[in-house]
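Asks: Fit chain B to the known structure of chain A by using the hints.
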Amino acid sequence: MAEGGSGVKQRVWDLPVRLVHWLLAALILFSWWSVHNHHTDWHIWSGCAVLTLLIFRLLWGFVGSSTARWTSFIRGPRAVGDYLRGRWSGAGHTPLGALSVIALLGALAAQVCLGLIAEDEDGLYTGPLSRLVSIDTSDKARDLHELWFDVILALIVLHIAAIIFYRLRGRPLTRAMVTGNAILHPDAKPIKPGKWWVALLCLAAGIGITRWIIAGAPPF
Amino acid sequence: MKMRAALIAVPLLLLSGCGGSDTSQANNGQANIANNATPETAKTNGMAMLAVAAPSKERALQIMHDRHEAMEKLGDSMKTLHRALDASPADLSAIRVQTALMARTAAQIPGMFPVGTGPDVGKTRAKPEIWAQQNNFHERSREFLAATLAIDAAARAGDLNKVMALHERVDQACKACHDPFRAPKN
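Quick mapping for you: the protein sequence lines, in order, are chains A and B.
Its first residue numbered 8, the first sequence is counted upward by one per residue in the working numbering.
Its first residue numbered 403, the second sequence is counted upward by one per residue in the working numbering.
If we strip away everything but chain A, and leave its shape as in the complex, we get (with noise of 0.2 Å):
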């Protein structure tokens, strides 16, 4: 996705991830809105279907789309310095862009972490493993959940900057995660596309795993 202008039109991103994105934008909104409108037991469960579709993305970087997994993305630090001398053509995310993704889905991971052991200020409501650890740890998590969400603004900030200044250099990335297909360099490798069923599978372990924190991860 990094060279301009004259190429193949193909596709980048599969439906899964398109969906995941998208849902993540909305839920994150949701989750802010519910949580300063005296909606907080929205905000939790907004916060576990973060944790299935987190759950989902995870193991569909491993089974899914060559351009979903982990490791067609993740690379060295030489790999970013090659995109950004020119260097690269690829499909799927920039060495650069993938620092990106790691970056929003570990922060919100982290997020939906303290969530989970967090409780209110007024002893309300709690997350479903709160009752794991102490009054004292559950009130920490929960000053740290707000503060955290300021370092989640600052990655969506950098996200969206970084989405203008491709723009103006010519590269529509949102279309390109609206629709799934973008122009490639004719060079880059098409995408070999992932198995419904393998997500069917995968969006089943998330929800299920989610289900088992939900209940207070009982043991088996």
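Keep in mind the hints are simulated off the structure, nothing from the lab.
Idealized CB from N, CA, C, for every residue including glycine.
Treat each hint with caution, since some may be false.
Listed below are the simulated DSS-like cross-link pairs for lysine-lysine, each with C-alpha atoms no more than 30 Å apart in a straight line [unchecked claim]:
#, chain 1, residue 1, chain 2, residue 2
1, B, Lys525, B, Lys564
2, A, Lys147, B, Lys459
3, B, Lys529, A, Lys147
4, A, Lys147, B, Lys577
5, B, Lys529, B, Lys475
To give a feel for the contact side, a few chain A residues facing chain B, derived at Cβ under 7 Å [unchecked claim]:
#, residue
6, Ile142
7, Thr144
8, Lys147
A few chain B positions that, by computed beta-carbon distances, are all more than 10 Å from chain A [unchecked claim]:
#, residue
9, Pro457
10, Leu483
11, Gln510
Replies: Just chain B now, with coordinates in the frame of chain A:
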């Protein structure tokens, strides 16, 4: 502060006589009070303010500080209660300690919010609506007291099922007052 309260109360009383609400907006020292004020609420405001003279600034800040501490302790009680109920078997003696504490604090809540202890005096999350809608506020504090007395009675009787059921009522009573009358953090 006393003089100020009188200054506010007099026009409000006059106003309750003539039933207009425009003057109350112009004269009212506490922002927002008269925004939704019907003549009835303006009247009760005036009466409440005459009944309880506003405290000195120093005293007001002390009241607000103590209030904050009491509310925080109430939150701690809720958290401890929650865990004591969750424990298997439920920890009845811990439950009793907390429900007794909560009922005692609940009884003090109406007295924790005298006129002149709002956000115009010092740092507090208490909204001006508390004094603008005193009837509503006191109704909710009464429900909280009723809920905590009921759960305390159930705890003393050792009726865990009833404690569980009333726990929800106490939760709702907290929320019913916090949602309209407590400002968000910061």
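Asks: Against the structure, test the hints numbered earlier, and report the numbers of the ones violated in rising order.
Replies: Going through the list in order, the structure violates hints 1, 2, 7, 8, 10 and respects the others.
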